[in-house]
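Here is how the chains run, residue by residue.
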Amino acid sequence: MPKDCRDCVFFSNGRCLKLNINIENPASPPCLEREETGAIVLSLEDLERIIEGEEKKSASIEEVFSEIRTYGEEIEVSREEVPFEEVVKKPVKEEEEKPPVEIADIAPKPKRELTLEEIIREYNSILEDLQKNLNSLSMLEEFRDTISPEVYEERRRELEEVINNQQKRLKSLEEIAVSKGALKCPRCSALNLPSSKVCTRCGRKLAKRKEEYKPKREEKTKARRFFAFSLIALGLILTYIGFLNGDWNYLKSLIQIPCASCLKGLLP
Amino acid sequence: MPRKKIGVLRAILAIFFFILMNLRFLEPLIKVEATGLPIPVLNCFSMGVFVIINRPSSTIVCAMGALQRSIAQGYIPLLTIGVIILIGATIGRAFCGWVCPLGLLQEALWRAAGKKNKIKLDLSYVQDAILLIVILTVILKGLVTLAILSYELPTYGKIVDETFYEGPFCAFCPSATLLIILPSKILEVIFTGEISLTPWAILRFSILAVFIIASLFTPRPFCRWICPLGVLMGYFNRVSLLVVKRDLNKCTKCGKCLRNCPMKIDITKYENIISKKCIKCLSCVDVCHKKALSVSIK
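Protein chains in written order, with this note's numbering: chain E, -9 to 258; chain W, 29 to 326.
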């Protein structure tokens, strides 16, 4: 395994294709840190979160590893010295008297309906992620020859699964948003508020309503088709008249040696 | 169609069409009649001169040569114009990508040299200007032939008059140089041991050499910068029924299509590729792994 990300086939544009994370310091590869040192670098915040067990109640060791981040204040915990089970074990608290539980507290709360702004925000953030994933997929295609087929297949399958899920989610969000009057940018596909005049993502001028934009394009296509068929008809008529005029024989007579235009002046 | 198969298919079809367009080459063996069919590719109708048989091997007429010759002789080439409109409105500039032997030769050289693009020139306006000059010159000559104009052409003898004013583009066409003059000169050297080069011949060989060398550094330089027939057919791309479409939802703008496009069109700018440069070679469709590009009839 290379000791520097820059020597690794998975490293591209400051990003690790294998772990799908940004690499800030290529000289210390995150994959090496995990596998070789045997030490987990945990921040105080991480440790507190694990011990309290609020977010990671049934976390596997791999999930904890994936959460590791380097912070300003760090403490080192050796794998051998502190078993993982002990770290995640919830501290035993003395039993306290609990107040009586009310039905309203434990009943599932009705889901709040998302506002148009929230839908648009979520849609655009998924769209952003989707494009990153699509780029990763195309980069993976570029590096196809340099990585092993197993890794390629695995990575491609993972990416395609994520992309499919994101596309499904985008579709459902788009339907809701458009029904509420959101405007879709024809250039970058981002959603915008109905009052938007330009796309918030790419700056393209937006049509006032989607319905106003679509028929215009259809009309243009129809006009082109009509023009093409008119030209074909004109071409057929001209060909027919030319044929009757004896163009065929005239053109046949041009096939001759020596060709007056091309060859005169070439021979001494 | 599987990846990279369209390129092979194009090469096979181009060779097939080249043989078909010059089938009179087999005349000693089988009887083949020449036709008066004008085709928009640079396949000179004098093809075959001096080479093995001493008669033209062409079975079709080069549309550019036919247009120039007819108009210069005071004749309105309705059949040629009709066929150009018919082909243009149906498939646009597709003949450049699938049939033209000179185009395919340039593309083959470019691909063999590693698809470099070191000469990033956009000379499409030069192409338009050349087409305009050719048309105006032959119209002028046609008016003189019909005695509508009594303008005395500045001739330097009959040769220059006929050579330049009847076919101003033919006088420099690198296709004719490659397919007719070069083989004839090679045979001249083989049989006589001597070579006679006029200044005009040297000029034509120089033009051919420039484009052959340029093909190693940039794709299809002659087709992109000079060819008036190509630009004439390219105007029809805006309306042609056959069109390459880009699916905006699938396209990731990865730029693979641009790197493989032999006409260097920025495909990501278009939804329908209606650029007058597009030769409908389908290289972009072939390389797009997202299948965002497709060819369709609108």
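To be clear, the hints were calculated from the coordinates, so they are not data collected in a lab. Idealized CB from N, CA, C, for every residue including glycine. A couple of the hints might just be wrong.
To be verified - Now the in silico label distances, taken between C-beta atoms and shown as ranges:
#1 W:36 <-> E:14: 41 to 47 Å
#2 W:322 <-> E:111: 32 to 38 Å
#3 E:131 <-> W:41: 44 to 50 Å
In this structure, is the beta-carbon distance linking residue 322 (chain W) and residue 111 (chain E) contained in 32 to 38 Å?
-> Given about 33 Å between the Cβ atoms, the range holds.
Evaluate the given range 41 to 47 Å for the C-beta pair formed by residue 36 (chain W) and residue 14 (chain E).
-> With Cβ atoms ~46 Å apart, the hint holds.
Please test the hint of 44 to 50 Å on the beta carbon pair from residue 131 (chain E) and residue 41 (chain W).
-> 28 Å, violated
When held up to the earlier numbered hints, the structure conflicts with hint 3 and nothing else.
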